[in-house]
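Make a model of the complete structure from these sequences and hints.
Order-wise, the sequence lines are chains A, B, C and D. Take my numbering: the last position of the first sequence gets the number 468, and nothing is skipped along the way. Take my numbering: the last position of the second sequence gets the number 1468, and nothing is skipped along the way. Take my numbering: the last position of the third sequence gets the number 2468, and nothing is skipped along the way. Take my numbering: the last position of the fourth sequence gets the number 3468, and nothing is skipped along the way.
Simulated from the structure, these hints should not be mistaken for lab results. Hints may contain errors.
Using 25 Å as the maximum straight-line C-alpha spacing, the simulated SDA-like pairs for lysine to any residue come out as follows [stated by the list, open to error]:
| id | chain 1 | residue 1 | chain 2 | residue 2 |
| --- | --- | --- | --- | --- |
| 1 | C | Lys2313 | B | Ser1147 |
| 2 | D | Lys3398 | C | Asp2164 |
| 3 | D | Lys3238 | D | Asp3051 |
| 4 | A | Lys398 | B | Leu1216 |
| 5 | B | Lys1308 | C | Glu2086 |
| 6 | D | Lys3255 | D | Lys3308 |
| 7 | D | Lys3313 | B | Thr1171 |
| 8 | D | Lys3255 | D | Glu3165 |
| 9 | D | Lys3308 | A | His361 |
| 10 | C | Lys2308 | B | Ser1307 |
| 11 | B | Lys1308 | D | Asp3372 |
| 12 | C | Lys2011 | C | Arg2130 |
| 13 | C | Lys2308 | B | Tyr1458 |
| 14 | D | Lys3313 | B | Ser1147 |
| 15 | B | Lys1308 | C | Pro2269 |
| 16 | B | Lys1011 | B | Leu1216 |
| 17 | A | Lys398 | B | Ser1307 |
| 18 | D | Lys3255 | D | Lys3238 |
| 19 | D | Lys3398 | C | Gln2153 |
| 20 | D | Lys3313 | A | Pro269 |
| 21 | C | Lys2313 | B | Leu1444 |
| 22 | A | Lys73 | A | Arg130 |
| 23 | A | Lys308 | D | Leu3272 |
| 24 | C | Lys2238 | B | Leu1216 |
| 25 | A | Lys308 | D | Asp3051 |
Number of protein chains: 4
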Amino acid sequence: MGLRTGDEYRKGLNDDRRVFYRGRQVDDVVGEPELAMAVDHSAICFDIAADRPDLAVADVDGEEVSAFYVAPKSADDLVRRGALIEEVSRRGGGTIVLKEVGSDAMFALLRATEGEGLENAREFYRRVCRDDLALAVAQTDVKGDRSLAPRQQADPDLYLHIVDEDTDSITVRGAKCHTSFSANADELIVLPTRAMGPDDADYAVSFAIPIDTPGLNLYVSPYAAGDRNSFEFPISSKHKLLESLTVFDDVRVPKDRVFLNRRSELAGPLALAFVDYHRFTAINYKLPLLDIMVGAASLIADANGISKAGHVKGKLTELITWSETVRGLAQLSAVRSRPGEHGVQQPDPLAVNMAKYHFAHGFHNAVAILTDLSGGLLATGPGGEDWDNPEIRAVLEKYYAAAVPAEKRLKLLNFIADLTARDYGGYQSVLATHAEGSLEAEKLQISRSFDPTRARSYVSGLAAIDAL
Amino acid sequence: MGLRTGDEYRKGLNDDRRVFYRGRQVDDVVGEPELAMAVDHSAICFDIAADRPDLAVADVDGEEVSAFYVAPKSADDLVRRGALIEEVSRRGGGTIVLKEVGSDAMFALLRATEGEGLENAREFYRRVCRDDLALAVAQTDVKGDRSLAPRQQADPDLYLHIVDEDTDSITVRGAKCHTSFSANADELIVLPTRAMGPDDADYAVSFAIPIDTPGLNLYVSPYAAGDRNSFEFPISSKHKLLESLTVFDDVRVPKDRVFLNRRSELAGPLALAFVDYHRFTAINYKLPLLDIMVGAASLIADANGISKAGHVKGKLTELITWSETVRGLAQLSAVRSRPGEHGVQQPDPLAVNMAKYHFAHGFHNAVAILTDLSGGLLATGPGGEDWDNPEIRAVLEKYYAAAVPAEKRLKLLNFIADLTARDYGGYQSVLATHAEGSLEAEKLQISRSFDPTRARSYVSGLAAIDAL
Amino acid sequence: MGLRTGDEYRKGLNDDRRVFYRGRQVDDVVGEPELAMAVDHSAICFDIAADRPDLAVADVDGEEVSAFYVAPKSADDLVRRGALIEEVSRRGGGTIVLKEVGSDAMFALLRATEGEGLENAREFYRRVCRDDLALAVAQTDVKGDRSLAPRQQADPDLYLHIVDEDTDSITVRGAKCHTSFSANADELIVLPTRAMGPDDADYAVSFAIPIDTPGLNLYVSPYAAGDRNSFEFPISSKHKLLESLTVFDDVRVPKDRVFLNRRSELAGPLALAFVDYHRFTAINYKLPLLDIMVGAASLIADANGISKAGHVKGKLTELITWSETVRGLAQLSAVRSRPGEHGVQQPDPLAVNMAKYHFAHGFHNAVAILTDLSGGLLATGPGGEDWDNPEIRAVLEKYYAAAVPAEKRLKLLNFIADLTARDYGGYQSVLATHAEGSLEAEKLQISRSFDPTRARSYVSGLAAIDAL
Amino acid sequence: MGLRTGDEYRKGLNDDRRVFYRGRQVDDVVGEPELAMAVDHSAICFDIAADRPDLAVADVDGEEVSAFYVAPKSADDLVRRGALIEEVSRRGGGTIVLKEVGSDAMFALLRATEGEGLENAREFYRRVCRDDLALAVAQTDVKGDRSLAPRQQADPDLYLHIVDEDTDSITVRGAKCHTSFSANADELIVLPTRAMGPDDADYAVSFAIPIDTPGLNLYVSPYAAGDRNSFEFPISSKHKLLESLTVFDDVRVPKDRVFLNRRSELAGPLALAFVDYHRFTAINYKLPLLDIMVGAASLIADANGISKAGHVKGKLTELITWSETVRGLAQLSAVRSRPGEHGVQQPDPLAVNMAKYHFAHGFHNAVAILTDLSGGLLATGPGGEDWDNPEIRAVLEKYYAAAVPAEKRLKLLNFIADLTARDYGGYQSVLATHAEGSLEAEKLQISRSFDPTRARSYVSGLAAIDAL
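Right, dumping it as structure tokens:
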């Protein structure tokens, strides 16, 4: 079939999917302006194939395949993948676009499943490549009481689980949350969220289904909904992600689409394998966002005429160090990568998680610095309707001039406000903290990925003690 | 005349003021729903007189006066003032209400002006007390290029200045920004923004005028504009401040309303005297906001079922220490206060500015902690329209139950999102950084308020050196 | 008997005490130069009675009593106590002197014991006041495996416990560590270290004994031992504390000296009551140390000629804010104090522990700042023997001159090195982290001392939910 | 001549050098026990040639040359150099050994000098390689008043300068400080410390001379002097560096040993070129020190039985992240290296300086964590003389047992105390802050090494403004 264009992708979304948005069911996601913005955003990962085939198109056995879907076999493959992820994020205003997440899930399936599940995963993978499908991934369960295992929850459906099985299919019930792209993807890959014991075998399930599969209902969050003019909302009037509460109301899944069927011992490894790739994706798609924060800080300091102040220089250097540390560790995670199971290359988990740690732990401080350098006008400045009124604009032009004309300064301030001080900024802040793993999850992976033997035995030797 | 009710205050706003909002002139601020919300918010400081006269009403020479307007003469007066400011902020959702700022300015005028200006200030003060007026304060100039003095700016109007004077009046031109409450106050006090030299004498000006004075034009910021339902926006659907770009288009001011007329040597002291009171106000009105952050963190940790985790306890303690350090230093700033000029009590500037420093430097970290404890649903949760649809609500109730029913959890999450992750949260973040003085301004005042003699001479003695 | 002089205190130390230091038993602590320095340091708290009777001497029922030993009955009493503790610390180079700790223990005994134990405590208290005794306090057990309760330890002696009892006495065995002043006190008060259950009743023991009681052996730490000249070690050549491993080798204690005898339910309250006073002592005796750090930073910045640099100003302000926050919260802990059991005033535990938290969490950063401002000469500068050689001194005077003559600069640098970069500095750093409670202990007390009800119910109201 | 052994190196130090230590001139540095320890430490970089020729010996044009002295031509060369530096530091207890610094200087000279200076540098380089010489580097001038240029100082000698010149030689006067290894090297390379203007041409001077050159006087710092037993000082009883005040008392330098003679425009580039290599050295030789801190923390947590506590895990992860971030950026600085002038490879300055920044800014926090996990025994524990007394040792063995026997625990604690809480720890702390560039110097280089164009133009595009 070959690679699809953005428009072909858009057309493919017109089916019987059940998407709910702002309290009602949506007929056609492409026809609903707020959702269409998200579709346009995701179309970037299709359109780039025409625009930058060197980066976005790969030749696999003589066929053109989206470069997103090339399972990495080497450090160089990961370097190229990182560059592609960074480039689409750059076009997407500093955010993930779509194909990243589905390919992360496919690589995990190719590495961490076994037997029939692995065969199904490989077949699914071939089909996705061939048809250039858009995939969403549902991993995070709604979880209920976090101190209890899946089967111990008051309501057994709080983790997705198998409620029935016959020769040809399994039937699943439950809900996943924070599912990005579900409303504007072609298919949905479901992954387990954590390690599970034998008693939780019903919850150890992974599969893929078309979005319009009966029983699948998507409740899309209205976060950052509403009309937004490009003066006040230069980023969020153009870029948007859709996240859903994804409800499986006794959804029947054919067995040849099942990758994990009650093999609880594989649930944890599969969940972690996805994390390997998805955090690698994260630290690469965040790079343009880091550039945005550094660039915006540098520009607004100039616009406000404060670039020469010692404290301003210090704050800019702090931002640069933060940003470039993440970039450096992201690069390193590819350089240090190693072959994983079934020959799929694994980014270095220590470097990946440290990059993510620095990004996430430093994000709010970076926002604080940007806020500090920008000034109070972030929250007391004029709006698009003011700017559109010529008489008011004349006043604004006179009084908001600084080291640059008022228009540039106000546009920069609105850009920064959109990014740090309004709902889209809040969205980014929540993503920085929780998306692709929480702060504690990253810390846990750092601890697990680090082998203390070298350090401990060195100290034991110097301190003249045997190993403890 | 006696103390006014909230409704009397509302009626008083119906005059010829020129208020611009979202691109057009507003006929009646009370009649415009979005502005009326701000009026209602400010009315709290009138309505409290009936509700809590012990706290809000004072007897001055046999007359009932708003307790806000009692010039403090003792540490106890400041303790009482702090309690009143905290209480109206508590009613106002954790934000300043209105009368605080005008009284701060009046105390500054009573302390830092001299001669005829002081007489005018005292007469104005008597009138404000008698008529229970609502005052806004315009201090921050638009400033233009920050490395240049007022008279050096390309456009001489970038700092407010005197352009004409006759026997009875002065005429001023320029603009102030970040002017809170201007659109819903009765009068406007104008203060200089910084110390000035003799060459900038035209810029050393302070006065008070009714809001509907000809030539005064208010361009109100549309920040956090728009309809908002109480499910998604539990705070910001009820509370709002208005900030304006305040333009003085050759405004004529009668001389008996002028408090500072070209006496540049008084500009700095007057600006700083206002800061003394206004930061004292700040650290007291922020106390309910601090309680909000601590209380919300404590509740959401319970709701998510994670209160027992070691890292969660540690984060809660971090929040408590931050919040209670500010509260402790706020209390101390009154306890350590001392008589200022003309017998007006001055809060201890070291304690005031350290309280502000801790608040402002810790705010973004507190937001990060709240975000961390709340989880990703802050940004991917359902909206009011979803909740209002009974079929969708049933799904939400099933799947968002945790250690508490879904309704409580979602309400808490929306409360926290309103506070930290949407436009109102951004507004609070900008205020934390810039309102009542920037981070650098507080650091400067800490440095100025601290006498290093004790520490330096102690060290000189111990190190056996004479003073450097 | 009346108050004793420093010399009378010194004479009282000549008894049969068994003190071990640097591998051998010491005959006479006053005759051993390194130990005598510690005796001189502690003598400050006796000599101040003659020098500053206004501060250090109280009239109790017509008798002169050391003001250290006045059990506080009011906030003012605590303010005065704070001032006394600060003053002796100032004379002691920024460190605790001696009488603070014994009086802390006595106040705890007067508040938290009951029945016969309380009677014994009161009688003991009267004798201490009358004879102006020097008291050490042994609280911290050696503890062994920290995850086990006292009775569960492999060796039952790892917590001090009662091994025998007859009509007139109990016999105890075990060891306490970190016991300050034991080698140069008259008597030793023993307190339990933590809450205990009924099964650990043998470990719930408190009493007081003379230091020369048979079976009591003190193993004094050699930390910071050795000759030290005053050029390189301006503080630590004059001031020193002694800490011991305090071993109770079947020590018999007469019953009238026992304050707690197996009443396990009182062990925790008694331990915490001591903590109340001892951390109050801590935050007051640290104030001169804070002044030292601020003063030294200010002076060395001048001496190096870098005071005008923006980053230097910022670092000085950071130090000031740290230091004065501790000072402010220390003051507040007295202002907010309240009556405890049996009428003994209790400092506000929230303010006390927050002051300690800020001190301890900020200490290493303060050291980093001082190190940064001082320069590498801290570790590569000349020594006392160099300075004493006239030919070498001439070279040093020529080449180490900066914005001040070389002598002043080098003395300041050595002062700072003694404080931050040599063994005495390390001692201060360990004390900052562990003395009077670890970082985690302070966090626990902050959490326990804070009542979240106000904050939680305020948020519940605003978020329109009932209490969770 | 071939590579020398450690003993050959020792013999070479017996000459007429004028070394002053602790107030008197030293006849023979190898015969003076405290200095001999430093010689032994530096001998590591000779002895490794026999032990690990794969790492430490290179074949250059058929001759064996110390691998330290191989001028890097590729990223791989720098990776190898990093590994060698790390290995000798590992043998040296976590500290630089000797040959690193001289080779850093030679690479700088080969890159940043020109004309006759470059020819002399190349000739000098050949001789150093051939004779396997030990080189010290004197760069930092004593500087005097830091706000003044070299020629503006009250005493013109505060920066090293040329006072005379004839056909064959120049004569220099002044002093350098913080000169490591000078007392135990064969020769001394002198480099300028900063950029200079034409008016400071006399100060733009670089050359190399034998240590026993007439007029060269070394005043070695007594830091961490004195006998130290291996029980209390397991690291610092074995490893030591010597730093000197290095005085040039009209030293005559033959012209063929002069690399920079008044060409002020080359002073800055030469100083910075040295910094490129020397900070690369720094971040590699610090790696074992980082391992020490991580390993010691991990071991002491086990020994104290607290490894399972949540806050302990969190602190260990914080240490790991700090340590491995430095390691990662160190690796990256080689991976990203590029050819410099004259074909000498240049490590990536952004990665180098960020690694140094993370190391230096995190060091004091790491010390705080180690102190926290170790407990107060760091400062109140027993000494070597106690341990050597069998009766006392029996007491210590009984009472200091924890989750491991007392001996292991005490050895670990002393190891950590030596590293963090005694004079050697202070030395490391000062080095962390100042050696190879101060905190501000690293920040400046980060700022200079970062090209903001990408970030700024990206933001300009998104915000729809032209470049400012």
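Hint check:
no.: 1; hint: C/Lys2313 to B/Ser1147; in the structure: holds, 19 Å
no.: 2; hint: D/Lys3398 to C/Asp2164; in the structure: holds, 21 Å
no.: 3; hint: D/Lys3238 to D/Asp3051; in the structure: holds, 20 Å
no.: 4; hint: A/Lys398 to B/Leu1216; in the structure: holds, 16 Å
no.: 5; hint: B/Lys1308 to C/Glu2086; in the structure: violated, 39 Å
no.: 6; hint: D/Lys3255 to D/Lys3308; in the structure: violated, 65 Å
no.: 7; hint: D/Lys3313 to B/Thr1171; in the structure: violated, 67 Å
no.: 8; hint: D/Lys3255 to D/Glu3165; in the structure: holds, 9 Å
no.: 9; hint: D/Lys3308 to A/His361; in the structure: holds, 24 Å
no.: 10; hint: C/Lys2308 to B/Ser1307; in the structure: violated, 48 Å
no.: 11; hint: B/Lys1308 to D/Asp3372; in the structure: holds, 23 Å
no.: 12; hint: C/Lys2011 to C/Arg2130; in the structure: holds, 17 Å
no.: 13; hint: C/Lys2308 to B/Tyr1458; in the structure: holds, 23 Å
no.: 14; hint: D/Lys3313 to B/Ser1147; in the structure: violated, 49 Å
no.: 15; hint: B/Lys1308 to C/Pro2269; in the structure: holds, 24 Å
no.: 16; hint: B/Lys1011 to B/Leu1216; in the structure: holds, 20 Å
no.: 17; hint: A/Lys398 to B/Ser1307; in the structure: violated, 53 Å
no.: 18; hint: D/Lys3255 to D/Lys3238; in the structure: violated, 40 Å
no.: 19; hint: D/Lys3398 to C/Gln2153; in the structure: holds, 12 Å
no.: 20; hint: D/Lys3313 to A/Pro269; in the structure: holds, 23 Å
no.: 21; hint: C/Lys2313 to B/Leu1444; in the structure: holds, 9 Å
no.: 22; hint: A/Lys73 to A/Arg130; in the structure: holds, 20 Å
no.: 23; hint: A/Lys308 to D/Leu3272; in the structure: holds, 23 Å
no.: 24; hint: C/Lys2238 to B/Leu1216; in the structure: violated, 70 Å
no.: 25; hint: A/Lys308 to D/Asp3051; in the structure: violated, 53 Å
The structure shown violates the earlier hints numbered 5, 6, 7, 10, 14, 17, 18, 24 and 25.
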